[in-house]
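Here's the letter readout for the chains.
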Amino acid sequence: MRFARFCGMTALGLIAGTLAAQAETKLTIATVNNGDMIIMQKLSSAFEKANPDIKLDWVVLEENVLRQRVTTDIATKGGSFDVMTIGAYEAPIWGKQGWLVPLDDFGADYDYADLVPQVKDGLSVGGKMYAAPFYAESSLTFYRKDLFEKAGIKMAEKPTYAQIAEYANKLSDKKDGIYGICLRGKPGWGENMAWLGTAAVAFGGSWFDEQWKPQFTTEPWKETIKWYLDVMKKDGPPGAAANGYNENRALFATGKCGMWIDATVTAGYLYNPKESQVADKVAFAPAPITDANPKASGWFWSWALGVPASSKNAEAAKKFVQWATSKDYVKLVGESEGWIAAPPGTRMSTYSNPEYKKVAPFADFVLNAIETTNPAKPTVKPVPYTGVQFAAIPEFQGIGTTAGQDVAAALAGSSTGDQALAKAQASAERTMKQAGYPK
Amino acid sequence: MKTKPRDKALMTLLGWGVAFIVFFPVLWMALASVKTELDAVATPPKILFRPTLENYAEINQRADYLKFFTNSIVESVGATLVCLLLAAPAAYAMAFFPTRKTKDILMWMLSTKMMPAVGVLVPIYILAIQTHLLDTWAGMIIVYTLMNLPIVVWMLYSFFREVPKEILEAARMDGATPRQQLLELLLPLSLPGIMSTALLSIIICWNEAFWSINLTASKAAPLTAFIASFSSPEGLFWAKLSAASLLAIAPILVFGWLTQKQLVRGLTFGAVK
Amino acid sequence: MTTSTIPSPKAAGFSFRRAQSRATDTRPLLWPSIFVLLIWMIVPLVLTLYYSLRNYNLVDPTVTGWAGIDNYTYLLTDPSFLTSVMNTVVLVGGVLISTVVFGTLFAVLFDQEFWGQGAARLFVIAPFFVMPTVAALVWKNLLMHPVNGLFAYITSSLGLGVIDWFTTMPLFSVGIIVAWQWVPFATLILLTAMQSLDREQMEAARMDGAKAVARFRHIIVPHLARPITVVVMIETIFLLGIFAEIYVTTSGGPGDASTNLPFLIYKTAILNSDVGGGSAGGIVAVVLANIVAFFLVRTVARNLD
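Protein chains in written order, with my numbering: chain A, 18 to 456; chain B, 53 to 325; chain C, 6 to 310.
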């Protein structure tokens, strides 16, 4: 009986909900819980005030969980979300699938020309933008000025991988708990393979060749993995095979690492004394290169907001996306949260803003790092895909993660680098064959 | 049996030592929840520090704890009630009127529990869309019911089997219908068992973290989703996560402690008397 | 298809009550609820079986059609498959043994009279109520982390060096976390079973000069046989599906050193978006679980009656 009453109440609740929904549009927004998105959630009351007929409902999740959640929903046309936070990997794949609403009619106010071209292109298919960039990043080399001085060395203007290895060796002081270099080791396509994929490009390699054949057993990959294993075993922290972005950030912020090659977006945190014990000692240099690819850049990534085609409130959703990725929003963040918290990497106007430049000594450097990436032509040899640290095909996620596990095994010492690559190659070939490549 | 004071002191030391070690991770988490993020990852670990409530303040600002809490309560209690309603008659039938198929059915039910959730996500998701049960209380209650039904049936079955057959026999002689036997005799007799089954079911639902995150968005998301929003991929998050975790497990911890006696009876299929 | 692999409880030592002849007329009243139950259990199974025979990639709509047994052959020929089955068995077995051993010892300990016994018991039970994800995160980051973790600090200040838990012994480390969650469960049940122990018998044995170890072996252990069986049965069901702890700590690695069957299926179904393959994995897991259940029931279930 109690259950029947409970059902009745639920039904009443649903009806009440439907009635209310006619008066106002309710948008469900799925987003990751990183700092910039949390600020967006906080500031969104300004949007609700300006649009009293729209109410926002937030679903905030951890990155991997969010990715799985929105992928399932959009692929099955579930319609649970009106706005989704997606990455530079998903946007072109889903856009091509017709799963996202094109976002190319935001009008003159939006100023498309102000968007950093690499960022906009990375989110477009056939010239149509399918997700609006919220923030973008490349990678660079963070290092500790004080430790470099102590070791009597100087960071090169454009360091090579060989130089980085040398520095790492000199910086290491394991007795004092200082490790020359911290790099990602945790398996995952967005973790260790994002780092290794970028390095492999700098060593002249790629994920696939033009016939879609996986390239793990080619020379550049072998050199990459050899460099990585040598350096990490000699000068890396213990437990490196379980360290992802997060763990490394905690290590660097607590003063355990001499160098760290990772996302540009971290600069804002490392310079923030509330988040980092090394705020006054950190400096940066470009992502390393090699002779095989002297033009190599860091990786390229962006977080963006997209509107799924299955959304029943696409118009209102677009309104929100436009607001959250506009120039005005950047200004709003700058004024209410401090300019150092302004979402980086997406708009030229942010980088020409003197107030931002004043608090962010790394501003030009970061913009330059992003502008030198070329996700459309990422590698020395021509390839059939886009993306630096990833290849924008649905199969990549699985291939990258499996390869990541093999590499982590090598880092943990349970296999050699070449064995790991051979294993990664075999499983990548299996996956590609199953998916019917070359298409 | 009287214990010598010396032995008792020794046992006290040993007992509390073990309790401390086992409880330590929870304690350490509770400590981390009142540290600043930098203190939480500091080495050497800080035992003495200035406690702060800023993590709790930030959590309160970022998420509506009460909403997640309500959803957790409604869904776990709701599913448990449905489970009991469905399972009680079935367990009754199997315990008192078995057929040749009964034993197969029982084992088969248990075996369906062994299907890994990750393997069936998409079929279930599509089903939920088509039945409009995505992100609703009803949907979550159905899924949890499905999930716990085998265990609940098993437990009730074994409780019912403990009820002395003679009592039912006597009732039958007095002309009680099977329905009366079930409702007026069996249920009151096995009430402790039913209570403890319910408690276990609630705890399992409360801690379930796969379906609850994947089949809800905002309306029906329980505390596990609340946790997932603080397990951050960026930056220092351990203090905040500890605080959020403590908030999420606190109700069930208190609940579990209050009811541990009943719980034991349920958990052992009545094997422990 | 699953019924064929199900062990007969009778052979395993169950005994069921005979149906009362006068009761047969009640069955039509009771079968509807069983019927609902069956439907609710069959639907996901049938759906999974269907998808396991289809080509279905979640993010690539061009992949369609019947796959026959391709999904199964793909899964079974995966080099990680055997490893993951072995890892599953080791993990389940290891955790079962350690929880039963520690559970029994703790149960005996907390059965003794001492000051603050009630409160101490509560503290020991607490880990069972902690969500698996939370447990894993706390252990990984606050305790076992080789640089920032408490264990590293303790061992290195004792001059023992640092143990790199998740790299050098991933499966063991995951096992520790899981065991931490389930030892309280075993303790709780066995502790309650201790309450019904015949105290006079214990006392008499003591008077007769039986040593504590002998009393433990000949009185306590036999008394606990049945509740231990219950612990083993319930735990096995949950341990076969361990996922969150691995996902949070090692992501199945390094290599596939800590990949169990659920995690392998996760990689197939979610990371590769291969719904067909994932479904096949689900079916294979159910079949394997039934095989485990068969042996389990044969070896331990006779204690149940």
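Don't take each hint at face value.
What the hints assert, rightly or not - Cross-link-like lysine-lysine pairs, in silico, DSSO-like; alpha carbons within 27 Å at most:
no., chain 1, residue 1, chain 2, residue 2
1, B, K119, A, K298
2, A, K113, A, K456
3, B, K98, A, K43
4, A, K59, B, K98
5, B, K271, A, K72
What the hints assert, rightly or not - Derived contacts from chain B toward chain C, CB cut-off under 8 Å, selection only:
no., residue
6, G67
7, Y117
8, L138
9, L162
10, S163
11, V170
12, P175
13, L198
14, P244
15, I255
16, I304
Keep in mind that the hints were calculated from the coordinates and are not lab data.
Quantities reported herein were computed from a predicted structural model and do not represent experimental measurements.
Backbone N, C-alpha and C fix where the C-beta goes; we use that ideal spot for every residue, glycine too.
Within a Cα-Cα threshold of 27 Å, do K98 (chain B) and K43 (chain A) meet the stated pairing? violated (45 Å)
Would the hint on L198 (chain B) be counted as holding, given a Cβ-Cβ threshold of 8 Å to chain C? Holds, because the Cβ-Cβ distance from L198 (chain B) to chain C comes to roughly 5 Å (cut-off 8 Å).
Could you grab the alpha-carbon distance between K113 (chain A) and K456 (chain A) and see if it respects the 27 Å cut-off? Between K113 (chain A) and K456 (chain A) the Cα gap is close to 15 Å, so the pair holds against 27 Å.
With chain C as the partner, please determine if I304 (chain B) meets the hint condition of a C-beta pair closer than 8 Å. Hint on I304 (chain B): holds, closest Cβ of chain C at ~5 Å, below 8 Å.
How about G67 (chain B): closest beta carbon in chain C under 8 Å, or not? With a minimum Cβ separation of about 5 Å from chain C (threshold 8 Å), the hint on G67 (chain B) holds.
Given hint K298 (chain A) paired with K119 (chain B) - CA-CA distance at most 27 Å: violated (43 Å)
Under 8 Å is the threshold here; is the Cβ of V170 (chain B) close enough to any Cβ of chain C for the hint to stand? holds (4 Å)
With a cut-off of 8 Å on the beta carbons, see whether I255 (chain B) makes it to chain C. holds (7 Å)
Does the CB of Y117 (chain B) sit less than 8 Å away from some CB of chain C? Since the shortest Cβ distance to chain C is 15 Å, the answer is violated.
Hint check: is the beta carbon of L162 (chain B) less than 8 Å from a beta carbon of chain C? holds (7 Å)
Given hint S163 (chain B) near chain C, where the shortest CB pair must fall under 8 Å: Holds, because the Cβ-Cβ distance from S163 (chain B) to chain C comes to roughly 5 Å (cut-off 8 Å).
Does L138 (chain B) hold up as a contact with chain C if the rule is Cβ-Cβ below 8 Å? holds (6 Å)
The structure fails to meet hints 1, 3, 4, 7, 14 from the earlier list, while all remaining hints are met.
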